[in-house]
Amino acid sequence: MKHETPLLDQLESGPWPSFVSDMKQEAERRAKNPDNIEYQIPVDVVEDIMGLLELSYVHGRTHWKHGGIVGVFGYGGGVIGRYCDQPEMFPGVAHFHTMRIAQPGAKFYTTEHLRNLCDLWDRRGSGLTNMHGSTGDIIFLGTTTKQIEEIFFELTHNIGQDLGGSGSNLRTPADCIGQARCEYACYDTQDLCYDLTMEYQDELHRPAFPYKFKFKMDGCPNGCVASIARSDMAFIGTWRDDIKIDQEAVQAYIGGEFVPNAGAHSGRDWGAFDIQKEVIGLCPTECMWMDGKELKIDNKECNRCMHCINVMPRALRIGDDRGLSVLVGGKAPILDGAQLCTLIVPFVKAESPYTEIKENIIEPIWDWWMEEGKNRERLGELMKRQGMQKLLEVTGLEPDVRMVQEPRTNPYIFWKEEEVEGGWDRDINEFRKYHQR
Amino acid sequence: MEYEEAKKMIVDGLTKKMKTKTKFYFNDLAKIIDLKPREAKKLINQMIQDGTLEYWSSGSTSLYGLKGAGKQAHAEHED
Amino acid sequence: MAFISSGYNPDKPMENRITDIGPRKYDEFYPPFIAKNKGKWLYHEYLKPGVLVHVAESGDEVYTVRCGGARLMSVTLIREICEIADKHCGGYLRFTTRNNIEFMVDSKDKVQPLIDDLESRKFDAGSFKFPVGGTGAGISNPVHTQGWLHCHTPATDASGPVKAVMDVLFDEFKNHRMPAHLRVSLACCLNMCGAVHCSDIAILGYHRKPPIIDHEYLDKMCEIPLAIASCPTAAIKPSKVELPDGKKVNSVAIKNERCMFCGNCYTMCPSLPLVDKEGDGIVLMAGGKVSNRISAPKFSKVVVAFIPNEEPRWPTTCDVIKKMVDVYAANARKYERLGEWAERIGWERFFEKCELEFTHHLIDDFRDPAYFTWRQTTQFKF
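Residue numbers (my numbering), protein chains in the order written: chain A, 5 to 441; chain B, 1327 to 1405; chain C, 16 to 397.
Misleading hints may appear alongside valid ones.
[What the hints assert, rightly or not] As a list, the in silico PhoX-like pairs of lysine-lysine whose alpha-carbon atoms are at most 20 angstroms apart:
{"#": "1", "chain 1": "B", "residue 1": "LYS1393", "chain 2": "C", "residue 2": "LYS27"}
{"#": "2", "chain 1": "C", "residue 1": "LYS235", "chain 2": "B", "residue 2": "LYS1393"}
{"#": "3", "chain 1": "C", "residue 1": "LYS262", "chain 2": "C", "residue 2": "LYS235"}
{"#": "4", "chain 1": "B", "residue 1": "LYS1357", "chain 2": "B", "residue 2": "LYS1333"}
{"#": "5", "chain 1": "C", "residue 1": "LYS55", "chain 2": "A", "residue 2": "LYS353"}
Simulated from the structure, these hints should not be mistaken for lab results.
Just so we're clear, the structure is a prediction, and the values are computed from it rather than from any experiment.
Model the full structure from these sequences, guided by the hints.
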């Protein structure tokens, strides 16, 4: 190793996979180069990033600077510029830019595709990645400015694959595993995700939004991709008819033949399964009961929290009249504090080509936000600033009591003139006929 | 609006402000050519394509500037 | 190191250029049994920690073995993952949202050889490459950000604290003995590229010192109006400064008491660094969730205002987290998430049980939401 890393070395012990050990094996392989790869960036780049990281561990401070110019021609996102502030000590990582590669739906891969990506990144980059970044992209971690266009060229020509989003763009949409391998999925998350990704490639690559915008697709209210917290527009699967009940299977759970909660609690003795306590008693709307040996659900009162289905997946199944709810305005804290998404469409069918979702929901909201949003204002903040009413106005959505947790607690309603009979223009003389000065 | 006209307005507008700053938000550009964002975007994209403008990205936000203008290129050693 | 062209012509960037092709389409990468049974799954079950079976209407069964991984991954390790997927899974695999790797096989007899193979692989220094687990009522893989490895405004490292914390929580990654699943997340500064604000336990890097101003170079390195505009709290204004040698330069002044330590100005202006050994450290938050199960999604709450960075293994952070996890596991009811438990017993009891100190820093004073977190009732516990 080129640099001593006594502090990082302490992160090699313990059972959890050590990123330090992995970086070391990569550094050693690059140094030996058994496959005679014609490395296009310094061969010791991994050793230098380890040296730099060790220095951060000594100083308790980062040694990276941001750069904003680098990118591929014509795209405003997908590349994040990074420069190290000790280039003489660590020349291999003097210029060390990140590339975001759009991930495939639900992060399914063939080994062939992954190997192609590895081969490209091995030759033209550091050989270090994130599988995956926070938004969902594959992250290629560190290459030189000159290699960026070369990588993009090979990526598009040879691997049939594009960059993801960064900056004031639509960010790479992300989805849960959905119908591919989950019985809870109320719509095809992968298809909606891919469809919107392709429909809005221009928005994804060429920034014209006030700030970032994220779509995430969750197949059911369990929310495995955290769309309600981590996206500006969350598509969460739901249904509006009855939960399907297999009464025999309910009895099998009660009788202990089937393991409750799909075996998720197998590591501890929680006692025998008690349907009253564990399912009926925990139902947030109290819409379930046992009628003799039959489990009954008052479906009209169900709010589809998924708990009973999660506990007894072999007995209870999502309904058949399926679609999704749209919630908007989620974001992390900067600036006005964290926000969760707010429900604006309780139910819409999710069927390709998703015209209603695009034309009645996404595009009017974008038009509003692009025109009215301040620089670096997320949709959720614009909603707070201009109000939910404004959002209803621009989308033409009808107000629905489902959109609020409770009605307003103040009566300070800003009535509009056209809402008040007779308007606001009145004749003072007419008034004075009946009221003295 | 004709492309050449829009381009002239953008180049003139940004050149005038060059002394104080060289990076602008998308909406600043849309205001210069007085178009709705979607209309402005088509023209501004074209200015990127022909090398009149270039992007600058903070990672979370994107800015636009006249190609090569400003201190960043030097600061980032990319000039 | 001879330069090898990809075919790209820098003089004519638009020549033969392919753009806007997006990711590869999802169904190109489905294993055959997934493609066949998509949308027709009946139920699933965790056979043991890290092992799932999904049963389809067709009677087909797919067995998934989930294993943890550091999200920082070398191509060497990815190639090893490919080798495993080729050997056991017909050349298919997937990753989860939480950086786990999932290997899928179509019959039960293929499961144990796969597990044995995964568990046998260790790095030279001894850590597991592919620990099987991360399912059910346990602690899955933390999502996290870049940290010192590749970010310019982190207040802590990311991969390091995650490794240290997961070494401590490793048994829970491999077990199903929590009251409910527990999600740990890390973001290395308050910008939260990894949005951790709804996690059961969130580890958040936080700066506590405003930027240093490099007056001599500021006007040469950055555009002052951009630095001013970058500040979310309008704490930066232009100023003229006299350098020690008497030279007058254009620079900025910072109203320190308005600074929320976000580092956005440093992104726009490299002459405003804010990282600091003593200033930077970790905030711990707890009790958030994103699922709609039983109770509504909720934000994480700040339970420890500051823990210094203790690289390389962050022992205090690890200890506090371990304590919270242990107390939660011992006290919460089955199915109860950490935040639901804290709300049921009351936060006063949570602090008592977890032996956490309540300080003024934990009372919200940031804009509107603050009031709604204060207590407007006489219902409290002694």
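Please name the hints from earlier in the document that this structure breaks, with their numbers sorted from lowest to highest. none
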